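The whole structure should be built from the sequences, with the hints applied where relevant.
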Amino acid sequence: MSDETTDVNETSDVDEGTDVDVAPAAAEPPPPVDPNAVTVNLNGRDIVATKGEMVIAAAQREGEYIPHFCYHPRMDPVGMCRQCMVEVEGPRGPMMVVSCMTPVGNGQVVRTDTDDVKRAQEGILELLLANHPLDCPVCDKGGECPLQDQAFSHGPGESRYLEEKRHFEKPIPISDLVYLDRERCILCDRCTRFADEIAGDKLIHFTQRGNNTQVMTFPDEPFVSYFSGNTVQICPVGALTARPYRFKARPWDLDQLESTCTTCSVGCRTVIQSSHDELLRYQGVDSEEVNHGWLCDRGRFNFEAVNSEHRLTAPLVKTESGLCETSWSSALDGARSLIADALAEGGPESIAVLGGARGTNEDAYAWAQLADAIGASYRDAQLGDGLPVGVLGLDRATIEEAASADTIVLLAPDLKEELPVLYLRLRQAAEKRGSRILEFSPIDTGLTRYAWKSLRYEPGTQRRVVENALADGEVAAQLSSGSVVVVAGRANLAESVDATVAAIGSLLAAVPDLKVLPALRRGNVVGALALGLAPSSDDRDAVAALKAAADGRIGLLVLLGVDPLNDLPDADLARRAIAGARRILSVDTFPSESTQRADVVLAAAAYGEKSGTTTNIEGRVSPVVEKVTARGITRPDWMIAVELGAMLGDRSFGADHPLASAATFDDVTAAIAATVPSYAGVTFEAVTARADGVLAGPIDAELPIAAFEAPTRNGYDHRLVVGRKLYDRAVGTEMSRSLAHLAPGAAAHVNPLDLERIGVADGDEVELVGARGTAVLPMRANPSVARGTLWAPFNQGGRAIEELIDIGAAIADVRIERIG
Amino acid sequence: MSRLSDHNVVVADEIISRYPKQKSALIPLVHLSQEQNGYVTDDAMRHIAELIDVTPAEVYGTATFYEMFRFEPLGTYLINVCGTMSCALLGAHDLMQHAEQKLGIKAGSTTGDGLFTLQHAECQAACTEAPTLQVNYRHRYRVTAESFDVLIDDLRAGRLDGEIPPHGTLGRNRQQIPADRRVGAVHPDDVTGAPGWVQVTVS
Amino acid sequence: MTILSPYPWAPGFYPGARPEIVTSRFRYEDSHTLARYEATDGYEGLRSSLARSPEAVHEEVRNSTLLGRGGAGFPAGVKWGFTPAGVWPRYLVVNGDESEPGTYKDRLLMECDPHQLIEGSLIACYAAGLSQCFLYVRGEMPLAHERLATALDESYAAGYVGTNIMGTDFSIDIVLHSGAGAYVVGEETALIESLEGERGMPRLKPPNFPAAVGLYGQPTIVNNVETLSNLPYIAREGATGYTSIGTATSPGTRMIAVSGHVVRPGVYEIINGSTTFRDLIYGDDFAQGIRDGNDLKTFVPGGGSAPWFCPDQLDVPFEGPAASAAGSMLGSGAVMVMDSTTDIPSAALSLVRFYAHESCGKCVPCREGGTWLLRLVQRIVDGHGTEDDLDTILEVGQSICPGDMPHASSERLGLEAVPFPYKMTTICFVGPSAYAPIHSAMTLFPEEFAALVAPRRERRRIAVSAEAAS
Ligand SMILES: Cc1cc2nc3c(=O)[nH]c(=O)nc-3n(C[C@H](O)[C@H](O)[C@H](O)COP(=O)(O)O)c2cc1C
Ligand code: SF4
Ligand code: FES
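Protein chains in written order, with this note's numbering: chain H, -12 to 807; chain B, 4 to 206; chain X, 2 to 471.
Hints are computed from structural coordinates only; laboratory data are not their basis. Predicted model, so just to flag it, every value in this text is computed and none were measured. Errors might be hidden in some of the hints.
What the hints assert, rightly or not - Okay, the calculated beta carbon distance ranges per label pair:
id, chain 1, residue 1, chain 2, residue 2, range
1, B, Arg141, H, Gly39, 50 to 56 Å
2, X, Ile4, B, His123, 21 to 27 Å
3, H, Pro739, B, His123, 48 to 54 Å
4, H, Ala464, B, Asp193, 16 to 22 Å
5, B, Gly187, X, Thr169, 15 to 21 Å
What the hints assert, rightly or not - Derived pair list, reagent style DSS-like, types lysine-lysine, alpha-carbon separation capped at 27 Å:
id, chain 1, residue 1, chain 2, residue 2
6, H, Lys152, B, Lys109
7, H, Lys440, B, Lys24
8, H, Lys502, H, Lys440
9, H, Lys157, H, Lys189
10, B, Lys26, H, Lys440
11, X, Lys206, B, Lys24
12, B, Lys26, H, Lys189
13, H, Lys440, H, Lys712
Claimed, not checked - A few chain B residues that don't get close to chain X, going by computed Cβ distances all over 12 Å:
id, residue
14, His10
15, Val13
16, Thr44
17, Thr114
18, Arg159
The beta-carbon is built from N, C-alpha and C at its ideal position, and this holds for glycine as well.
Dropping the structure here:
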């Protein structure tokens, strides 16, 4: 039990988002001796603390663990549980204070070990347990429970409470993902503070009073939050449990490794926990630079996809009777001949390599090397839905710099939907730090509410709207006072990328020393672009490649974990490209519409089944680790590339090729460190040595600023905005049992006033007629959509709105027709 | 349909305007809705949330903290019999027993005709006049079995309608701040310096 | 409805041959009207204050040593001085939430002399540079609401409140705000939370007292109704006029409610400092002794939260330090008297129930401990208790108030007094207040509890350690 106690302590550390049992904790540099350092006497010995920090934090850093429940280092203290009582020497003798709300002071004398302190701590623990059901044996938290653990380490051991305990209906679902057991709840205010302070979703609240106080939602209004899983992680008892994990395992059966979430490109630090070689849970790990311990629910729960029964388990080759499983040797030989034939028939120009942003740096680098060997110039890690690689050449901001900038300019998609934890950081910046958010957006976003100014633009006109704003005295003054970070991304998939680039250009011209944080979405898109999967020129990018394929000029289309038929905004082009490509080689973890059309499918290992490194939007490189054995006979992408690299005859990797003798993932990491200037010295050791990973150097790429003017919209049309929701048909969500049904579904949203004008009701089906095609969708009245624009979520199934997108066009205008 | 009536929305907007931050109007607005409906409905809480730009959960969380807010229908007359020390010392217990007999219900319940809800209550700031009770929070002092019976009969006969409005109404009048004399509430962030009348005198 | 007091419109109030500072208008049936108020020096204190500088008025109040009447007894003038320089805006919150068991005075002052409170609030705002005033009145006082609403409408119309008061550039709004039933909201930080539309849960005071960080995070003065009602007199008569009454450390008068087993329960404006509990309980001008010729058994000297006194303490005067030394406090000016017929355990139960019921739920010791104490005392009163339960009461008490618990001395039992105050593990006094009465009762009348409980059995305990649990 005693050793269990210690790892419970560690788990409660994870709960609080401090570093888990990984080396870095030790390797952290010692607190610098700065002007606001103070000396506190703790149980007779002098310790150095930082002005403003609380006694409990200073003590814990010095190895004096003070029991506590409500205190959480990332949230405002409330002094609610009273467990952290200590004695502080005061003018009138020692005073009992809560150490979580008592700031350190120079010369302060603190005792955590007096009889009164002990009596108070034991007494309070007894009181906390008085109404607690003590159902630890059947509780998910049992074994990693701060209450259970501290009852053991700081409690009286037994209770005199013989009264009838408080009774509530046993666990009730407060959302699709979270259950609440009010009998176990100790009312520490952690979940409710999180919902209020951190997530801004005040949907759970204390209700009733005194001994009847309970956490509750409003009747029939569930705790619908993209961040609800965090409340489960920080709950110091088993009151909040997560549906995907309930009753799956006991903590002592779990073992864990620290990794990085690659669901989106924020790169939140996690621990991956598994039992009996099955992934069971991800927990957030506190990274000062990145996620402060938080995760979004999509990233937290999509381990279910890795465990999905729909996974590809072995390579497939096309036969008369369709795709059949085969051995690696025959699959690789099939792949080799696909490449050889394409080279023979059409030369390197006829080969295109798309995707690669979902894997590790090692995967991307290895496939880029293979593409080099083949000589394929068509390559792109994005799918016509991002920004030119040139944005990575701009002066790059870190997340921390963005979250501490005086002005944060948003020229980006809805960050709450696409980069959720970046949304938390920026919201915090506006709410707590007083950063001013200047938002340019075609619709209301999650951050609109917290923006200093939020300016709407009609798709295509952002450059003009930005320039008008820059001409405004107040805005100009704000931008010229203090640091400015622009968060730049693609707010609208139904609009030419040039519209956004032009607006960025205007900002660059007006604000000389601004920094840019690219809001690109796919997990490792920055790594993939930096490591060789970027188009050599824009007539060689994904769109160009797919157009070439549609024109029958592509002999071999290599798809690295992408499915153009679902991922490409332009449905028609995707269809024609897949049909027009003579041969398709697909590397993927799941069967998809595109793999169905492939000649050879190479089954890849998934997240959690392979080790390596990943690069987030800042360029921060951090580890991803293999926690469970790869499914079936699947292999990591990099390994597949390395093996093919040896099978290309005179184009094979030579003996002096950096990957010639790569046998393990860190051979590849080492090769990257040795050959890619911006990754110089970024070895696996270096990346794991610091809790916050390593920042890769700048990559040199120019952002060509094209002039752009959008055609004017005729009054009968609506201008189309297509953006992403957190939950869509992306395979990782689709294949996660708990998440799949959270996708809102396809619909066309317009302003209620417009609905009235057109004379259709909320929910009616309408036909949308555009230059490119038509789509039938239900109408939604949505006040957050500006008049004259029509907003639709991307990839919600059925490929309807995607039929209206012409990726080559400047913008898309659509007419709304009543049906019948 | 128990959102605030159009008339009460106008009242609510004026109340909101009295406070530097609109959430301060939460409790007054819940009172207003209880005055309108006799108790606090879910729709009213949703409506109030809209009016002061908070979530319904916040309204619910605050409202359920306070004893005077009731979330199910109750009698026209809420009878609170004080049981705290001063009244306990002078016969609160017997008074409650008598009340239960007279009304034919147990404390905590409502008479069949929906006229009276009887309940235990805590100190009513009338300790020298014990034992006391309140009818819709209107005090009754040194209450005896006899005076209790008279009270109930008077209420039944409507003889006290002028003095005691149905449950939910706090005061029978409401403060009216005349537009021409009102200083107006300012959000603290928008206050730059000392009030004008201070600057001239305070350094 | 029987009302014995000479002024039926001021139920429970008894005048006497004593100086009247805050009750001088109670004799008039129309004391709450502006007409009567103006006819009796109304708003003269404000007028003379506006003729002086805010500092001068503040200085006057400081020199008057006006002590807070809400319970803490802190000098008002000193408190006003705690607002940090140069931080604006600042607010006044008038604490009209009177609900401490036994306390009945603020409601009378609001019902019978609302203009006096309004004038006092205006003077405070002027002196301390406060830019808005919120009159927080307990919800269960509709008459006080009606009187104050009418009075405010009158005074706005007459130019005493609002813009350019009495033609000066002193402008301020007074907003009448109603509570909704929660004793703890009387605590000043809970009052502020409540006024912000939140649950009335107290904030931890150190490091931030309301005077520095209060309503909306701004400097905020919270004063009790009676405290502010003294200001018009002080403004009219000056500090010297005020301090000529009462003692140097406790000048002026204060309102005391005497309830329970006395011949004439009532509210009395007494001379502060010099008056003793004996005067108050036995004096002909006051409560006139114990009912039915019974003997005095014990009394609560300062509201339900206060440890109890016995006949031994009758000669303690209304001086804070004297009361503390004797083991209790003067609190909110409420004396609850129990005669020889009183069943002490049930009397204590009525207070334990109150505080357990009124816990806001924030602090574990109060939320869980209060209810636990209630269950134990209830069981004992019901005759099912054991000696173990008596021990448990004291042990649970230790989790709320670690260390020595204050109590009065008793010659009968040969007990030395333990001086006030106590150590506490809670944020506010509600938690300790659930323990204080039962602790006093058990300490001063052990025999009554011994008589009720069954002898000690083998003590049952439930294992709760992690080990045993998992
Ligand atoms: C639990 C609790 C209840 C209180 N109730 C009241 C009250 O009902 N009225 C009041 O004026 N002060 C009450 N107080 C005291 C206030 O916190 C505050 O000290 C007082 O209003 C300050 O005004 P004063 O300085 O004029 O006395 C209470 C304090 C506590 C701890
Ligand atoms: S002591 Fe009780 S009432 Fe006071 S703050 Fe704590 S829980 Fe709330
Ligand atoms: S941790 Fe300090 S009171 Fe809960």
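Results for each hint:
{"no.": "1", "hint": "B:Arg141 / H:Gly39: 50 to 56 Å", "in the structure": "holds, 52 Å"}
{"no.": "2", "hint": "X:Ile4 / B:His123: 21 to 27 Å", "in the structure": "holds, 24 Å"}
{"no.": "3", "hint": "H:Pro739 / B:His123: 48 to 54 Å", "in the structure": "holds, 50 Å"}
{"no.": "4", "hint": "H:Ala464 / B:Asp193: 16 to 22 Å", "in the structure": "holds, 18 Å"}
{"no.": "5", "hint": "B:Gly187 / X:Thr169: 15 to 21 Å", "in the structure": "holds, 18 Å"}
{"no.": "6", "hint": "H:Lys152 / B:Lys109", "in the structure": "holds, 25 Å"}
{"no.": "7", "hint": "H:Lys440 / B:Lys24", "in the structure": "holds, 20 Å"}
{"no.": "8", "hint": "H:Lys502 / H:Lys440", "in the structure": "holds, 19 Å"}
{"no.": "9", "hint": "H:Lys157 / H:Lys189", "in the structure": "holds, 23 Å"}
{"no.": "10", "hint": "B:Lys26 / H:Lys440", "in the structure": "holds, 23 Å"}
{"no.": "11", "hint": "X:Lys206 / B:Lys24", "in the structure": "holds, 22 Å"}
{"no.": "12", "hint": "B:Lys26 / H:Lys189", "in the structure": "holds, 14 Å"}
{"no.": "13", "hint": "H:Lys440 / H:Lys712", "in the structure": "holds, 23 Å"}
{"no.": "14", "hint": "His10", "in the structure": "holds, 19 Å"}
{"no.": "15", "hint": "Val13", "in the structure": "holds, 18 Å"}
{"no.": "16", "hint": "Thr44", "in the structure": "holds, 16 Å"}
{"no.": "17", "hint": "Thr114", "in the structure": "holds, 22 Å"}
{"no.": "18", "hint": "Arg159", "in the structure": "holds, 17 Å"}
Figure legend: structure checked against the earlier numbered hints; every hint is met.
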